[in-house]
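Note that the protein sequences, when read in sequence, are chains A and B.
Going by our numbering, the first sequence opens with residue 1, and the numbers climb by one from there.
Going by our numbering, the second sequence opens with residue 459, and the numbers climb by one from there.
Since the hints were made in silico from the structure, they are not lab data.
Be aware that a few hints might be false.
Unchecked claim - In silico DSS-like pairs for lysine-lysine, Cα to Cα no more than 30 Å straight-line:
#1 774(B) - 787(B)
#2 102(A) - 851(B)
#3 423(A) - 464(B)
#4 68(A) - 89(A)
#5 425(A) - 264(A)
#6 733(B) - 721(B)
#7 344(A) - 264(A)
#8 143(A) - 68(A)
#9 463(B) - 425(A)
#10 832(B) - 423(A)
#11 733(B) - 774(B)
#12 264(A) - 335(A)
#13 143(A) - 102(A)
#14 340(A) - 264(A)
#15 426(A) - 721(B)
#16 425(A) - 464(B)
#17 851(B) - 721(B)
#18 464(B) - 426(A)
#19 425(A) - 787(B)
#20 89(A) - 102(A)
#21 423(A) - 264(A)
#22 463(B) - 423(A)
#23 426(A) - 463(B)
Chain residues, written in single-letter form:
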Amino acid sequence: MVSFSSLEFLFRFLPVFFILYFITPSRHREITLLIGSIIFYAVGEPEFILVLVLATLINHLFAAQSWKVSEGFALHEWQNRRRKRYMIKAVALDVLVLCTFKMLGIFVSNALLPLGLSFYLFKMISFQVDLYRREVWCRPQLKYTALYFMMFPQVVSGPIMRYREGEFELTRNYSLEQLEDGLKYFILGLGMKVLLADRLAILWNDLQMIGFQSISTPLAWLGAAGFSLQLYFDFWGYSLMASGLLVMLGYHFIENFNHPYASKSISEFYRRWHVTLGNWFRDYVYIPLGGSRCSGVRLVFNLAVVWLLTGIWHGNGVNYVIWGAVLGLFIILEKLVYGKLLNKAPVLGHVYVLFLIPLTWVVFAVNDLSYLGVYFGRLFPFLGGPGIAVNQQDIVRYAQNYGIYFLAGIALCVPAVFRLFEKYKKNPIVVLLLAVIFWYSVYFLSSSAGNPFMYLKF
Amino acid sequence: MKIIKKCPLFLLLLSTGIFFTIIAAGGRRTIYAGQEYSPLKAPLLSVMFTGLNEGIYPWQVLENGSITTSGPMDTDLAQAEASQEDMADPGDVEQKDEQVSSDREEVPPAKIPSQETAKEEGQEERNPEEVGEDPSKQGEEGVQEEEEDEPEKSPLPEGEGSEADLPDQRAEEIPEGRLAPLRESTHEEYLNHISADIYGDAGVIRAASYGFSQVDETYFDDALFIGDSRTVGLRDYTDLSEHADFYCETSLTIYKVMEENFKGLGTVEQALAAKDYGKIYLMVGINELGRGTTENYMEEYTEVVDTLRRLEPDAKIIIQGVMRVSGEKNSSDAIFNNSNINARNNAVATLADNEQIFYVDVNEVVCDEEGNLKADYTFDQIHLLGVYNDLWKQFLMAHGV
Numbered sequence: 001m002v003s004f005s006s007l008e009f010l011f012r013f014l015p016v017f018f019i020l021y022f023i024t025p026s027r028h029r030e031i032t033l034l035i036g037s038i039i040f041y042a043v044g045e046p047e048f049i050l051v052l053v054l055a056t057l058i059n060h061l062f063a064a065q066s067w068k069v070s071e072g073f074a075l076h077e078w079q080n081r082r083r084k085r086y087m088i089k090a091v092a093l094d095v096l097v098l099c100t101f102k103m104l105g106i107f108v109s110n111a112l113l114p115l116g117l118s119f120y121l122f123k124m125i126s127f128q129v130d131l132y133r134r135e136v137w138c139r140p141q142l143k144y145t146a147l148y149f150m151m152f153p154q155v156v157s158g159p160i161m162r163y164r165e166g167e168f169e170l171t172r173n174y175s176l177e178q179l180e181d182g183l184k185y186f187i188l189g190l191g192m193k194v195l196l197a198d199r200l201a202i203l204w205n206d207l208q209m210i211g212f213q214s215i216s217t218p219l220a221w222l223g224a225a226g227f228s229l230q231l232y233f234d235f236w237g238y239s240l241m242a243s244g245l246l247v248m249l250g251y252h253f254i255e256n257f258n259h260p261y262a263s264k265s266i267s268e269f270y271r272r273w274h275v276t277l278g279n280w281f282r283d284y285v286y287i288p289l290g291g292s293r294c295s296g297v298r299l300v301f302n303l304a305v306v307w308l309l310t311g312i313w314h315g316n317g318v319n320y321v322i323w324g325a326v327l328g329l330f331i332i333l334e335k336l337v338y339g340k341l342l343n344k345a346p347v348l349g350h351v352y353v354l355f356l357i358p359l360t361w362v363v364f365a366v367n368d369l370s371y372l373g374v375y376f377g378r379l380f381p382f383l384g385g386p387g388i389a390v391n392q393q394d395i396v397r398y399a400q401n402y403g404i405y406f407l408a409g410i411a412l413c414v415p416a417v418f419r420l421f422e423k424y425k426k427n428p429i430v431v432l433l434l435a436v437i438f439w440y441s442v443y444f445l446s447s448s449a450g451n452p453f454m455y456l457k458f
Numbered sequence: 459m460k461i462i463k464k465c466p467l468f469l470l471l472l473s474t475g476i477f478f479t480i481i482a483a484g485g486r487r488t489i490y491a492g493q494e495y496s497p498l499k500a501p502l503l504s505v506m507f508t509g510l511n512e513g514i515y516p517w518q519v520l521e522n523g524s525i526t527t528s529g530p531m532d533t534d535l536a537q538a539e540a541s542q543e544d545m546a547d548p549g550d551v552e553q554k555d556e557q558v559s560s561d562r563e564e565v566p567p568a569k570i571p572s573q574e575t576a577k578e579e580g581q582e583e584r585n586p587e588e589v590g591e592d593p594s595k596q597g598e599e600g601v602q603e604e605e606e607d608e609p610e611k612s613p614l615p616e617g618e619g620s621e622a623d624l625p626d627q628r629a630e631e632i633p634e635g636r637l638a639p640l641r642e643s644t645h646e647e648y649l650n651h652i653s654a655d656i657y658g659d660a661g662v663i664r665a666a667s668y669g670f671s672q673v674d675e676t677y678f679d680d681a682l683f684i685g686d687s688r689t690v691g692l693r694d695y696t697d698l699s700e701h702a703d704f705y706c707e708t709s710l711t712i713y714k715v716m717e718e719n720f721k722g723l724g725t726v727e728q729a730l731a732a733k734d735y736g737k738i739y740l741m742v743g744i745n746e747l748g749r750g751t752t753e754n755y756m757e758e759y760t761e762v763v764d765t766l767r768r769l770e771p772d773a774k775i776i777i778q779g780v781m782r783v784s785g786e787k788n789s790s791d792a793i794f795n796n797s798n799i800n801a802r803n804n805a806v807a808t809l810a811d812n813e814q815i816f817y818v819d820v821n822e823v824v825c826d827e828e829g830n831l832k833a834d835y836t837f838d839q840i841h842l843l844g845v846y847n848d849l850w851k852q853f854l855m856a857h858g859v
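My request is simple: use the sequences and hints to build the entire structure.
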């Protein structure tokens, strides 16, 4: 049920929750949302709901203590020292919990990784630091902190909203227009996930099924492009659904993707891809380390730390570390060597991004390093040789079968296309189109729900 | 009016949703009776979409509640489904007859009438004895009973939900000569039954006693391969396609073999009319593991083999046992597992007469000592990696007839 693109969530959890939410008097709606979120998590992962609840309580206690110290007009040095101690203790604890479960996940079993752990712990860390930096303006109340950490649209995989972006203390405005607006983002996200990402996922699965040694070079490139689009629409779609839900509930839209494939450099790409995560690393790792206002050597070190951590955060596997390291390397090179050149020659910048990013996604996608070597051997046959039992005509069939998804996906990568949607989203044709997208997605979800092999028939 | 301006999309979804639910509720006992639906996990309207996926269109609900099929849904599939319905609801004879008669209406003119009647007779003969011996119906019934916890959504008093509520009334509806279903049997018993090993390995042993010979690639110049996605792999990742013709399509089943219009090629019947084939290789069966029973799979397989023989009397027909799945899949899947595959292979192996019809089993070269597809040979636990299709080709070359 934890997947927004499941019939269970769409037709069971969501309607019931929304009815209860809107019949609750508006000053108690946080409580409804909190309870709904706990149920949402508990149904999805009953084993680990306690971890979430305990982490929430402990973080709240630290925050409450820290707030108590800071009461008064001006802060004295001793107060700041104590506040800092609370912050450091809380953050250390959060990091410890994160590392412990990560280790368990790597060395024991993936099943020991609680759902959404890294997302909600990142929120907790950001909350503690923001509190210390006095960017939290009201005394933290348990119902708000708990809601911030647990709210169901974000608990599973972000976006990593900041506490102040939630505006928990303010009176919330609810309106039908807002409901409608949120619904539009939600459906758009649902369509991206179900109609694009899930379709393209079959292509990547097919490549694995065939075995990388037997795919032709054009198919290897198609596969890299397909995976790049699949990941993008999976995550952008998810983020749109999450933010759409927030808007429907009366919160602000949290932007997580800003047309990354239209970037002219890799550093720009990662300012526009998974924005909330990038900002998190910037504000809580990169800048505390000294950011870019320091010596060249230190800058390289800072960037390397950020990107290695980013790699490790994304998954348990050496390939993620390599992926982070490669990105860090390119970003360092851009900062120190050719960044300005890319800015001056936009065409070159676009080509550079569109050539390199899919290759980095291949590293991201393939967990086994020997398979990764084989894949790159197929991408660049002058390095990897001719392959084994390669069917040179395979590209024709795959291009025919998946061409439509590539066309739609590439169109959606163009910022102007999305702006067009935002401009005309009240137009009846767009409304009708969204309804069609919704029911078409439900069609796919229905036909794969009864038969899990619908996606991958033999 | 104002509210429509404020949230048109919301209202549009709400109204279409209600409309679809009404359609689904209206067809629940008729056109959507064969659709699986569990109220906790999905909305009622999802049956409309699963139906759509099988070629059952919503407007058919208006056609007086009888089942009609059209479009991509073919008659064989409809019958397979009808017999599934029988399993789910053995008491409802009237409904079944209705289906059969409407199927008859829908039979395309090209269809040979004798074949159709034979099939129908077969079905009628089969049904009573199935009721007598068959735990599957009760299993299915039990499952339905568990799942259906919203009886009020069932529009007709005979709905499965209300049946569950009113066992007494239900018992009265069961015609004489049929046993009342036992409600105690479990889902596991049902699963065991759908692929029951009712033939044993006698057929496999007899088929293996034939003296196969080593052949070279030219042997396949007059061969036709029919199969599902696994055969697609054989076509795409070996050079056999330079010699033989391949009529294969992902998700092909025995129920669709004769009707399938293979992309750019036409039907099997057209293929056999256009060229004289000396050998016809057949490997289907994995997709239909979750459908029907060993009996009606076998029945359909026999039918297909007979049809092939009639259309191409001189060709040798080589039935290939379905390739097994890996150990990981085998131990985690209640339907797509090797005991089910073996049971159905044992069934079709009995068709081999070692003169015109042969049975070969590629599993001997691609499986480990436990009889599972070797883990190294597959990524998705089901298909051979491209490169290992050569083992299959070599196996076929060692098993010339």
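Tested hints:
For the proposed pair residue 774(B) and residue 787(B), the alpha carbon gap of about 33 Å is over 30 Å, so the pair is violated. Straight-line distance between C-alpha atoms of residue 102(A) and residue 851(B) comes to about 45 Å, which puts the hinted pair past the 30 Å bound. Between residue 423(A) and residue 464(B) the alpha-carbon distance is near 17 Å, which keeps this suggested pair within the 30 Å criterion. Proposed proximity of residue 68(A) and residue 89(A) is supported: the alpha carbons are some 16 Å apart, at most 30 Å.
For the given pair, residue 425(A) sits about 28 Å from residue 264(A) by alpha-carbon distance, which is consistent with the 30 Å threshold. With a C-alpha separation of about 18 Å, the suggested pairing of residue 733(B) with residue 721(B) holds against the 30 Å cut-off. About 10 Å separates the Cα atoms of residue 344(A) and residue 264(A), which keeps this hinted pair within 30 Å; it holds. Between residue 143(A) and residue 68(A) the alpha-carbon distance is near 17 Å, which keeps this suggested pair within the 30 Å criterion.
Taking the CA atoms of residue 463(B) and residue 425(A), the gap is about 13 Å. The hint holds against a cut of 30 Å. For the hint linking residue 832(B) to residue 423(A), the alpha-carbon distance of about 55 Å lies beyond 30 Å, and the restraint is violated. Restraint check for residue 733(B) and residue 774(B): the C-alpha separation of about 14 Å stays at or below 30 Å, so the hint holds. Distance check on the hinted pair: residue 264(A) and residue 335(A) sit about 13 Å apart at the alpha-carbon level, within 30 Å; holds.
A threshold of 30 Å between alpha carbons decides the hint, and for residue 143(A) with residue 102(A) the separation of about 28 Å falls inside it, so the pair holds. Proximity of residue 340(A) to residue 264(A) is assessed by CA-CA distance (about 11 Å); at most 30 Å being required, the pair is judged to hold. Note on residue 426(A) and residue 721(B): the hinted pairing is violated, with a Cα-Cα distance of about 42 Å set against a maximum of 30 Å. The straight-line distance between the Cα atoms of residue 425(A) and residue 464(B) is roughly 12 Å, inside the 30 Å bound, and the hint therefore holds.
In summary, the hint linking residue 851(B) to residue 721(B) is supported, as the alpha carbons are separated by about 23 Å, within the 30 Å threshold. Between residue 464(B) and residue 426(A), the direct Cα distance comes to roughly 10 Å. Compliance with the 30 Å bound is thereby established for this hinted pair. The straight-line distance between the Cα atoms of residue 425(A) and residue 787(B) is roughly 46 Å, outside the 30 Å bound, and the hint therefore fails. Of the pairs offered as hints, the one joining residue 89(A) and residue 102(A) holds, with about 20 Å between alpha carbons and a cut-off of 30 Å not exceeded.
Using a Cα cut-off of 30 Å, the hinted pair residue 423(A) and residue 264(A) holds, with the two alpha carbons roughly 25 Å apart. As the CA atoms of residue 463(B) and residue 423(A) are separated by approximately 17 Å, the hinted pair is consistent with the 30 Å bound. Note on residue 426(A) and residue 463(B): the hinted pairing holds, with a Cα-Cα distance of about 9 Å set against a maximum of 30 Å.
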